[in-house]
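First to last, the protein sequences are chains P and X.
Count along the first sequence from 1, add 226, and you get the number used in the working numbering.
Count along the second sequence from 1, add 655, and you get the number used in the working numbering.
Hints are computed from structural coordinates only; laboratory data are not their basis.
In this text, all values refer to a predicted model and were calculated from it rather than measured experimentally.
Glycine included, every Cβ here is placed at the ideal spot set by N, Cα and C.
Check before you lean on any hint, since a few could be wrong.
[Claimed, not checked] Each pair of labels, with its calculated beta carbon distance range:
hint: 1; chain 1: X; residue 1: 798; chain 2: P; residue 2: 362; range: 45 to 53 Å
hint: 2; chain 1: P; residue 1: 359; chain 2: X; residue 2: 680; range: 34 to 42 Å
hint: 3; chain 1: P; residue 1: 254; chain 2: X; residue 2: 685; range: 35 to 43 Å
hint: 4; chain 1: P; residue 1: 264; chain 2: X; residue 2: 711; range: 52 to 60 Å
hint: 5; chain 1: P; residue 1: 414; chain 2: X; residue 2: 744; range: 27 to 35 Å
hint: 6; chain 1: X; residue 1: 685; chain 2: P; residue 2: 418; range: 43 to 51 Å
hint: 7; chain 1: X; residue 1: 748; chain 2: P; residue 2: 264; range: 52 to 60 Å
hint: 8; chain 1: X; residue 1: 901; chain 2: P; residue 2: 359; range: 38 to 46 Å
hint: 9; chain 1: P; residue 1: 417; chain 2: X; residue 2: 748; range: 23 to 31 Å
hint: 10; chain 1: P; residue 1: 351; chain 2: X; residue 2: 711; range: 57 to 65 Å
[Said to hold, decoys possible] Here are the simulated SDA-like pairs of lysine to any residue, each with C-alpha atoms no more than 25 Å apart in a straight line:
hint: 11; chain 1: P; residue 1: 394; chain 2: X; residue 2: 871
hint: 12; chain 1: X; residue 1: 670; chain 2: P; residue 2: 392
hint: 13; chain 1: X; residue 1: 755; chain 2: P; residue 2: 352
hint: 14; chain 1: P; residue 1: 273; chain 2: P; residue 2: 289
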Amino acid sequence: MNENTAIQVKNVSKNFRIPVKGHKNTLQERFLNPFQKTEYREFSALKNLSFEVKKGEFFSVIGPNGSGKSTLLKIVSGIYVADEGEVKVNGSLVPFLELGVGFNPDLTARENVYLNGTILGLTKKELDKYIDEIFDFAELRDFADMKIKNFSSGMAVRLAFSIAIRVKSDILVLDEVLAVGDADFQKKCYAYFDRIKGLKSILYVSHALDSVEKYSDRVLWLKEDRSYEIGSAEKIVNGYKNAN
Amino acid sequence: MISKNDIDLYKQFVKTIFKMRYKGSILGFLWVLLKPFFMFIILFVVFSSVSGQVGNLTSRQYAVYLLSGLVIFTFFNEGITWGMGSIMERADLILKINFKRDIVVISALTMALINFGINLMIVGVVGLVLGIQFSLASVSYILLIGLVMFLGLYGISFFTSIWMVYVRDLAHITELGLQLMFYASAVFFPVEMIPEKYRFIVEHNPIAIYIQSVREALTYQNIVNLKFVIGSLIVSVLLIIVGNIYFKHSVKRVAEHF
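All chains, please: the whole structure from these sequences, using the hints.
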């Protein structure tokens with residue numbers, strides 16, 4: 227792999243076998259219906275997909291629901307394995323498929339910062355250093371010792387985002403992270419994009435076409451028939467808009 | 656390769672499990688001590704006279720007998736149960752983040768190990784009250800048995816934590832199996848109570864052998880079954896090596912089956 231490449235996806239295919247009838251999850255079901263065959267429907271989520279994300283590139287993925295965007299992010303992030311083809315990642319990668327992963331409602335905000343922060347790859351020492359800034363940025367300084375279950379969802383998202391932007395990885399994988407917040411939160415996200423653009427390699431999935439067009443260097447359009455197009459942000463986003 | 660973050664993550668997981676286990680309860684952490692204590696009292700009251708008649712144990716001897724059985728069996732029970740459920744329990748995280756999966760397994764087992772350590776301290780305190788002579792050799796031997804068990808449980812959990820995702824019945828099957836093991840390990844009754852022709856079960860059951868070794872060490876400062884313990888150590892290490900390979904290979908596909 228070229229050293230200027232951050233992510234290389236080569237001929238990747240992924241099928242899911244979805245049980246439609248006679249799914250046997252427990253032994254009881256297996257004993258009671260020994261002769262009933264489980265019927266599966268093969269569902270192809272990705273088919274022979276290849277692309278590369280260069281170092282420092284802001285690379286977006288768009289497409290209708292069910293076109294395989296989330297599956298792609300999970301394969302790149304090492305959560306799913308591709309059936310065929312290969313994925314190579316050059317550098318450290320942190321996926322944000324959801325903000326506040328591992329947040330535990332029964333722990334205090336401070337405890338959750340340490341928990342979520344370490345899950346995202348930070349060390350305790352780094353978090354000790356950042357913790358005040360994290361609470362200041364989230365505007366939650368007075369709530370540090372309150373349990374997260376008493377937070378509003380907006381407060382929880384602000385805290386999660388405030389931790390997320392401390393993450394040190396070379397590559398970020400972002401799935402619809404903007405969808406959760408209000409206008410003010412989105413503004414903060416865009417400011418963060420401005421700051422890291424060109425510094426980190428980003429694989430970004432969103433339905434917010436305006437932001438995709440504004441920030442992306444290139445865009446991948448996954449279509450329902452498993453074909454795809456890659457090109458400049460303007461060209462692909464316009465093509466996508468016209469197709470709908 | 657283990658990074659600084661892996662170690663911190665491990666500590667965070669253990670801390671969180673610990674806090675969650677006793678959250679909201681008024682006595683909180685005290686339950687770690689109270690549960691085995693009451694279990695001990697109940698069994699002691701019910702069985703001490705029987706064991707005096709059948710097994711020729713004084714009530715003081717029976718106390719040590721019962722205590723060592725409970726401590727070793729609880730460690731086995733918790734290690735098996737928590738190790739097996741570890742991957743399933745963190746499905747939410749495994750579906751979102753690419754951290755090292757074996758950290759959840761070792762965290763779950765660490766919890767069992769912490770409880771075991773606390774229980775050993777109780778044995779120490781009770782032992783002093785009952786006037787047991789602890790020797791360096793007997794204490795080290797008990798710790799060695801704990802280590803061997805921990806390694807064995809870790810090795811087993813590499814397999815069971817994965818199987819659990821595919822066959823959910825495993826939780827119930829294991830619960831039954833553990834209950835059988837509880838009786839087959841002569842935890843709370845003298846071995847003499849078992850009819851001669853079934854005694855081989857206890858004699859060949861590793862947990863029963865561990866328990867017996869701890870009993871001998873506590874009561875008579877005797878080191879017994881040393882060969883078996885060393886053999887188990889080797890088997891446990893092998894189990895970890897093979898288990899680790901199996902785990903690394905299989906865990907990648909686990910996320911699709913939650």
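Verification of the hints:
1. Restraint check, residue 798/X to residue 362/P: a C-beta distance of roughly 48 Å satisfies the suggested window 45 to 53 Å.
2. Distance hint for residue 359/P and residue 680/X: a CB-CB separation of about 35 Å, consistent with the stated range 34 to 42 Å.
3. Distance hint for residue 254/P and residue 685/X: a CB-CB separation of about 39 Å, consistent with the stated range 35 to 43 Å.
4. In this structure the supplied range 52 to 60 Å holds for residue 264/P paired with residue 711/X, their Cβ-Cβ distance being about 58 Å.
5. Roughly 33 Å separates the CB atoms of residue 414/P and residue 744/X, a value that falls within the hinted 27 to 35 Å.
6. As the Cβ distance of residue 685/X to residue 418/P is approximately 46 Å, the hint placing it in 43 to 51 Å holds.
7. Taken as a hint, the range 52 to 60 Å is violated for the pair residue 748/X and residue 264/P, whose Cβ atoms sit roughly 29 Å apart.
8. For the pair residue 901/X and residue 359/P, the beta carbons lie near 43 Å from each other, so the given range of 38 to 46 Å is met.
9. A beta carbon spacing of about 29 Å between residue 417/P and residue 748/X agrees with the range 23 to 31 Å that was offered as a hint.
10. Roughly 59 Å separates the CB atoms of residue 351/P and residue 711/X, a value that falls within the hinted 57 to 65 Å.
11. A C-alpha spacing of about 55 Å is found between residue 394/P and residue 871/X, which places the hinted pair above 25 Å, so the restraint is violated.
12. Between residue 670/X and residue 392/P the alpha-carbon distance is near 23 Å, which keeps this suggested pair within the 25 Å criterion.
13. Simply put, residue 755/X and residue 352/P have alpha-carbon atoms about 20 Å apart, close enough for the 25 Å limit, and the pair holds.
14. Simply put, residue 273/P and residue 289/P have alpha-carbon atoms about 14 Å apart, close enough for the 25 Å limit, and the pair holds.
Comparing the model with each earlier hint shows violations of hints 7 and 11; every other hint is respected.
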